[in-house]
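Please put together the full structure from these sequences, using the hints given.
These protein sequence lines map, in sequence, to chains A and B. In case it helps, the numbering used here puts the first sequence at residues 1 to 160. In case it helps, the numbering used here puts the second sequence at residues 1 to 160.
Just so you know, not all the hints are guaranteed correct.
To be verified - 30 Å max Cα-Cα, derived DSSO-like pairs, lysine-lysine: (1) Lys43/B / Lys21/A; (2) Lys84/B / Lys9/A; (3) Lys110/B / Lys110/A; (4) Lys105/B / Lys128/A; (5) Lys96/B / Lys67/B; (6) Lys43/B / Lys24/A; (7) Lys96/B / Lys104/A; (8) Lys43/A / Lys24/B; (9) Lys110/A / Lys128/B; (10) Lys21/B / Lys9/A; (11) Lys43/A / Lys43/B; (12) Lys21/A / Lys110/B; (13) Lys9/A / Lys21/A; (14) Lys128/A / Lys104/B; (15) Lys128/A / Lys110/B; (16) Lys21/A / Lys21/B; (17) Lys128/A / Lys9/A; (18) Lys21/B / Lys24/A.
Note that these hints are calculated values from the structure, not bench results.
Number of protein chains: 2
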Amino acid sequence: MENKNITIKMVLSAWNNGQEKINKLLGSSDEELLMPVAEGRNKVSWIIGHMAAVNDSMFTILGLGNKVNTELYDHFSNQSKDNKAPDLVTIRNYWKDTSSELTKKINSIKEEEWFERHMSVSPEDFIKEPHRNKLNVVFTRIMHVQHHYGQIALTLTTNK
Amino acid sequence: MENKNITIKMVLSAWNNGQEKINKLLGSSDEELLMPVAEGRNKVSWIIGHMAAVNDSMFTILGLGNKVNTELYDHFSNQSKDNKAPDLVTIRNYWKDTSSELTKKINSIKEEEWFERHMSVSPEDFIKEPHRNKLNVVFTRIMHVQHHYGQIALTLTTNK
Chain A
1 MENKNITIKM
11 VLSAWNNGQE
21 KINKLLGSSD
31 EELLMPVAEG
41 RNKVSWIIGH
51 MAAVNDSMFT
61 ILGLGNKVNT
71 ELYDHFSNQS
81 KDNKAPDLVT
91 IRNYWKDTSS
101 ELTKKINSIK
111 EEEWFERHMS
121 VSPEDFIKEP
131 HRNKLNVVFT
141 RIMHVQHHYG
151 QIALTLTTNK
Chain B
1 MENKNITIKM
11 VLSAWNNGQE
21 KINKLLGSSD
31 EELLMPVAEG
41 RNKVSWIIGH
51 MAAVNDSMFT
61 ILGLGNKVNT
71 ELYDHFSNQS
81 KDNKAPDLVT
91 IRNYWKDTSS
101 ELTKKINSIK
111 EEEWFERHMS
121 VSPEDFIKEP
131 HRNKLNVVFT
141 RIMHVQHHYG
151 QIALTLTTNK
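Written out as structure tokens, the structure reads:
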């Protein structure tokens, strides 16, 4: 197997694992999802909505089409709205819809396309900074999911 | 720039950023480092020691030489020892020593070597699973650091 191909597989495998971990969290009880990750901080459910919004932002950045839900995207891109969050069914579905649609599209990106520029970088800047490619977008978002997963896992296991 | 080369740069850049984030945490006060990340859970200082031990385990896995400190490695590989942890100076230094030594060696690994097998996989298994290379070790450890960084950052910002 060619080395470049292996790298794409590594990143895709980490992407799929990360999304799967959050999918499993959706099976937590409503009570658990409504717990704050620390005293006075965001609820688990808000963080799931926030991660869904980040997923949703990736369609345009990767040139994969439109957002799944612009209204929910706007909502969860604004930290101050935590106190009037949508219900848990809506949040769970927003995650499921963005994750499944995005994961399907990400897994079908062709090998060469991964190293093309993403849509938030201009062609001129891309010449100077060729690491700002589509693979790098997915790579940084995997770390974002892991960052929050660490917080949520701690919250859910501490309060059992 | 060749695509494979870009991927290595992406991973190295994420490695360096992750280590730098933890370096900055060492500037927290002793009081902050002794806070538990959640009620009844490990202290921030323990998690830093744990991450230093994971760094220390990487020398052998990547074929880069011996551990920096086998005694501290053993200590922080055993969760039950949190109640008799070394002092904070020792923990801070253990992180600094493993991180700086490992980061120096990692940044000098040659391009082709990154796609060689790591030392915890046999040559036979590597033929079947060529993604179990050195780059993948660093990649998974970056996510490990991010996982804990998310927890520690939450703890330190919540209790300010």
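The hints, checked one at a time:
1. Proposed proximity of Lys43/B and Lys21/A is supported: the alpha carbons are some 25 Å apart, at most 30 Å.
2. For the proposed pair Lys84/B and Lys9/A, the alpha carbon gap of about 42 Å is over 30 Å, so the pair is violated.
3. With a C-alpha separation of about 27 Å, the suggested pair Lys110/B and Lys110/A falls inside the 30 Å cut-off, and the hint holds.
4. Proximity of Lys105/B to Lys128/A is assessed by CA-CA distance (about 27 Å); at most 30 Å being required, the pair is judged to hold.
5. Distance hint between Lys96/B and Lys67/B is fulfilled; the C-alpha atoms sit about 13 Å from each other, no more than 30 Å.
6. Under the criterion of a C-alpha separation no larger than 30 Å, the hint pairing Lys43/B with Lys24/A is consistent with the structure, at around 27 Å.
7. With a C-alpha separation of about 41 Å, the suggested pair Lys96/B and Lys104/A falls outside the 30 Å cut-off, and the hint is violated.
8. Proposed proximity of Lys43/A and Lys24/B is supported: the alpha carbons are some 27 Å apart, at most 30 Å.
9. At most 30 Å may separate the alpha-carbon atoms for a hinted pair to count; Lys110/A and Lys128/B meet this at roughly 23 Å.
10. Proposed proximity of Lys21/B and Lys9/A is supported: the alpha carbons are some 27 Å apart, at most 30 Å.
11. About 22 Å separates the Cα atoms of Lys43/A and Lys43/B, which keeps this hinted pair within 30 Å; it holds.
12. Taking the CA atoms of Lys21/A and Lys110/B, the gap is near 34 Å; set against the 30 Å cutoff, the hint is violated.
13. Straight-line distance between C-alpha atoms of Lys9/A and Lys21/A comes to about 18 Å, which keeps the hinted pair within the 30 Å bound.
14. Under the criterion of a C-alpha separation no larger than 30 Å, the hint pairing Lys128/A with Lys104/B is consistent with the structure, at around 26 Å.
15. Between the alpha carbons of Lys128/A and Lys110/B the distance comes to roughly 23 Å, so the proposed pair stays at or under 30 Å and holds.
16. Restraint check for Lys21/A and Lys21/B: the C-alpha separation of about 24 Å stays at or below 30 Å, so the hint holds.
17. For the hint linking Lys128/A to Lys9/A, the alpha-carbon distance of about 26 Å falls within 30 Å, and the restraint holds.
18. Of the pairs offered as hints, the one joining Lys21/B and Lys24/A holds, with about 29 Å between alpha carbons and a cut-off of 30 Å not exceeded.
Of the numbered hints given earlier, the model fails hints 2, 7 and 12; all others are met.
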